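J.: The primary structure of each chain is shown beneath.
4 protein chains.
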Amino acid sequence: MQRRRLILYRGLEGDLRHGWPRYLNAALMVLIAANVIAVVIGSIAAVQRDWGDWLVAFELVSVAVFTVEYLVRLWVAVEAKAYSGRWGRLRYALTPMALIDLVAIAPFYLGLWLELDTRFLRVLRLLRVFKLTRYSASMDLLLTVLRQEAAAIGSAMFVMLIIIVLAASGIHLIEGRVQPDAMGSIPKAMWWAAVTLTTVGYGDVVPVTVPGRLFGLLITVAGVGMVALPAGILASGFSQELNKRREAYRRRVKRALEDGTVSRRERAVLERKRRELGVSEEEASAILDAESAGPRSCPHCGKPLTASEPAPPR
Amino acid sequence: MQRRRLILYRGLEGDLRHGWPRYLNAALMVLIAANVIAVVIGSIAAVQRDWGDWLVAFELVSVAVFTVEYLVRLWVAVEAKAYSGRWGRLRYALTPMALIDLVAIAPFYLGLWLELDTRFLRVLRLLRVFKLTRYSASMDLLLTVLRQEAAAIGSAMFVMLIIIVLAASGIHLIEGRVQPDAMGSIPKAMWWAAVTLTTVGYGDVVPVTVPGRLFGLLITVAGVGMVALPAGILASGFSQELNKRREAYRRRVKRALEDGTVSRRERAVLERKRRELGVSEEEASAILDAESAGPRSCPHCGKPLTASEPAPPR
Amino acid sequence: MQRRRLILYRGLEGDLRHGWPRYLNAALMVLIAANVIAVVIGSIAAVQRDWGDWLVAFELVSVAVFTVEYLVRLWVAVEAKAYSGRWGRLRYALTPMALIDLVAIAPFYLGLWLELDTRFLRVLRLLRVFKLTRYSASMDLLLTVLRQEAAAIGSAMFVMLIIIVLAASGIHLIEGRVQPDAMGSIPKAMWWAAVTLTTVGYGDVVPVTVPGRLFGLLITVAGVGMVALPAGILASGFSQELNKRREAYRRRVKRALEDGTVSRRERAVLERKRRELGVSEEEASAILDAESAGPRSCPHCGKPLTASEPAPPR
Amino acid sequence: MQRRRLILYRGLEGDLRHGWPRYLNAALMVLIAANVIAVVIGSIAAVQRDWGDWLVAFELVSVAVFTVEYLVRLWVAVEAKAYSGRWGRLRYALTPMALIDLVAIAPFYLGLWLELDTRFLRVLRLLRVFKLTRYSASMDLLLTVLRQEAAAIGSAMFVMLIIIVLAASGIHLIEGRVQPDAMGSIPKAMWWAAVTLTTVGYGDVVPVTVPGRLFGLLITVAGVGMVALPAGILASGFSQELNKRREAYRRRVKRALEDGTVSRRERAVLERKRRELGVSEEEASAILDAESAGPRSCPHCGKPLTASEPAPPR
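Chains as they are written, first to last, in the numbering used here: chain A, 1 to 314; chain B, 1 to 314; chain C, 1 to 314; chain D, 1 to 314.
Same shape as in the complex, but just chain A (with noise of 0.2 Å):
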């Protein structure tokens, strides 16, 4: 049982590229990219109605497969020692990652127990596409990223939502009486406001009068840098995340160059950490050159210029 537990803990957690556990994974995601396909084109009234038991019976078995999957990770779990000890199951069962595989599951089971829109709930089921990104190795830096940069982003929106509020007013003072039906009230013309200061721009709302134009154009304007705002943070943030990339390859460059040579054990550590960093193979070897460039011992002297050990009295 314990031998088992071990197995199908490296099929599901472990190297996920070689051997059964590759065909495992890929047969889940496949069933994953189905069921969104399933949802979308589920929501199609002719579709519904000639398919409509296939697409309840496939519901059904992607339900079974989906809990068997969460129930089996919930028992490996604790095989990674991070959860292992008391309640390790309890803290596995609230990470990002598992909450997203009970939230894939739980609507259906709510659906038994409750009366709830039909329509709802089979939308609801869209959200099993997040298991996907348990698979996807590039996202991860996206995903980095974009964790790093919550608060900034977040501030971002939180000055346009001000500013489409303050283009409401604006604008409902300015033609309020001119388009009471798009302008009547501010709230009806942040439909306006969000929609130009977004630079969406629909069309189906825009400013007649001349003082309105005048106003419209200030906030065409102000648009621009608005939607600024975000594209420069997140610029700022990947060269961050990827320059701390490098960074972090290059300290274990220089670490493994202090006593002068790569060894080859040294050689498959450095491989290991540049794939888990994402550091593609070409800066790789330009800062392998760039640490070897420098002098690592005086030529002279012969003595190290980074020596760990306290330098002899002269």
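Worth flagging that the hints you see were computed from the coordinates, not collected in a lab. One should not assume that every hint holds.
You can't tell identical chains apart in this list, so a pair holds if it fits in one copy or across any two.
Okay, derived cross-link-like pairs now, DSS-like style, lysine-lysine, Cα gap no bigger than 30 Å in a straight line [claimed, not checked]: (1) K244 with K81; (2) K273 with K81; (3) K273 with K254; (4) K254 with K244; (5) K131 with K273.
These numbers come from a predicted model, not from an experiment.
Using the hints, position chains B, C and D against chain A.
T.: Frame of chain A; chains B, C and D shown alone:
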């Protein structure tokens, strides 16, 4: 009296995260938010009709609270070193934060003396939202960057205005006679030019002739470059500011490491500085690692390279 | 024969800036551009009617020229070290540039054998425009960055697709019964979601109910963040790539400076490298200044710090 | 005469912030702005009718002033070292600033000799706005970055044009028969493609069939990437340029610190350089701190670590 002033000062301007100041400031924030909501929904005719009296009452209470707040802040300002001494309170009253507090209540008192448009006065209350900036720590970076890049963004906006005028002139020459209502003069054509160059694109005015569309194609593509300018400026601004803050932290770490180790007291000072500069814990430890890694002492004579005492003559 | 092959090789793949290769390659570029223009204007019915025969003749000439060009390139490819030896021509034929050359002529020959839609075949000729990338030096940086950031941009596009599906589901739930034509199913609602989240905003479909507009407001603001993601990724990508190139140049300068001076031959090599890496002259001289400024020799023993020969034992 | 020329030269090209040159240049700036406003409002038929004579008079005065300005600048140009000697004035006349001054007055004189469209001539006067760039210090960074990134942005625009043509061909194939007016030929369909790929999205032309909308969805998402390209290029450009300027300043600081202290004269030189490079005071002091922090001389043997003279043999 003196002591009470000091206590109030600490409650309003000091550490707002513990004890009664926390609840006081939270209450003020809620009141500000409620004011904004009151103005927004108060602009709906039906709400004004049914709840008008309540809104007036709420306004009276709010102004009373904000007036008391303003006077108290003015009274306790001299507790701060920067505003002690002669003219201290006046100097405080001219700071941006104090002016915002004044603007939040001034319209009400002006409305008592002068005959002003009630709708306009009501919207002016929205400016109270800026009182919130006092409480937002995460907005500090945003405002710092916007302040530093103000000149560059101003230039970009000026360039944009020039290009709007040139684009408006071009389309006025080409389609002025075809669409006299929309393009009959340069000021009229500026509406189309601004809506296009900012990529808002309402579609209420579009070129209809073949040369007009060719010119429009050119302008839409130019608009993409136009919109990119502020994004580029802000992206660079955020990077620069974050780098500057990180470098400031690095200098602190360097100074703390001069004697070879980071003492407990130094650690506390660094932690305070880290929070103040908004450097993430992850980055802070990376900086500490990088600084500790370098040679702290001359590899030949074994003495520390960064001594604070002057070198003895040889 | 061998010599002629070498001359042709140099004329097609070597230095294209002097002598007859310059005119040959300029002629090929003009022909490609003329092909694109011919396809574009050939799609106008009136042009097709009046000039159809000329366009067919031009197409025959173009295909003949491109076929000869393709065969000659294949023949001379083995002159390059990379494609000499066995299977050299096959390996060359599988490079992106050779495949583009094949795609430029293949549709014509396929059209002779198979019954294909003429309109579709004609548009396929547009792919010849990619033959131009061979000649564009300034596009190299662009393509390098796009290639390096492909994974990150792919992730961003995937996130965008997920958010489009979620936004479409939301608006379908809210307005599906009000606007059955536009929001009656998730696939239908995806049109609105995509047009809004990309901030295109045609305005042919807009939410009309109050909850729909509230949801729409949320989505427009989210769209701004969505659009910012690729901008951020690319901005960071360009910075990284330019830094990498500058560092590569700096390493070259460092190596050239190892003996203390930059000889005439080293200067020529650096200049070639500088052009290859696209480092501006201004930056190059700044790098040279910075590198020359640092201590090139140990200030105590007077010997160069970066010696290539191993240090003698003490 | 010689002296008068020198005085005028200093007044027009030297330090414009003190004495009479300040008022002269301010007057010229006001005149330029007034010219732009005159052209813009002069395009309104009613204004032209009622104020036409005044506008003509103002134009005559303006041209007279600008002509005198141009001739005086040409006369004093030889005071600058760069334009002294033979052909000096001609070389000055070919600088961008001098050409702009010429373009500002040339249309008027051409209009006297040739029969030209008055409306077109009038709009040409708008080009006088470029004379303002002479006075704008904060626009220098913007123009430097735009000049440096011109090649990259050009490539991005070229890529955009290719993608517009390909998108137009695609939608022409799909909807050419459904919407012959809007998509009947590739040139016609380019209007939709450009409006969509630049995320302007007027909505005057939209795909209406299901395959058309699927293709449109793809194009709107691609448009987001398209728009991100110039933003990324410019963001990177601004960062690079600011870094370069900061590094140039750092090199100056380093040189000033070579002898261990910054003398009063060195401080003045640094301050001038700082303004010229547009480095903020805050950053400048951070750079000074960072450079002073490092060991300038070995604290034990007292010799400078960065010696300019060769070290004595041991």
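J.: The structure should be examined with respect to each hint, and the outcome stated for every one.
T.: Hints, verified against the model:
1. K244 with K81: within (27 Å within a copy, 39 Å between copies)
2. K273 with K81: Within one copy only: 20 Å inside a chain, 34 Å across chains, cut-off 30 Å.
3. K273 with K254: This pair counts as both: shortest intra-copy Cα distance 13 Å, inter-copy 27 Å.
4. K254 with K244: both (15 Å within a copy, 19 Å between copies)
5. K131 with K273: within (26 Å within a copy, 39 Å between copies)
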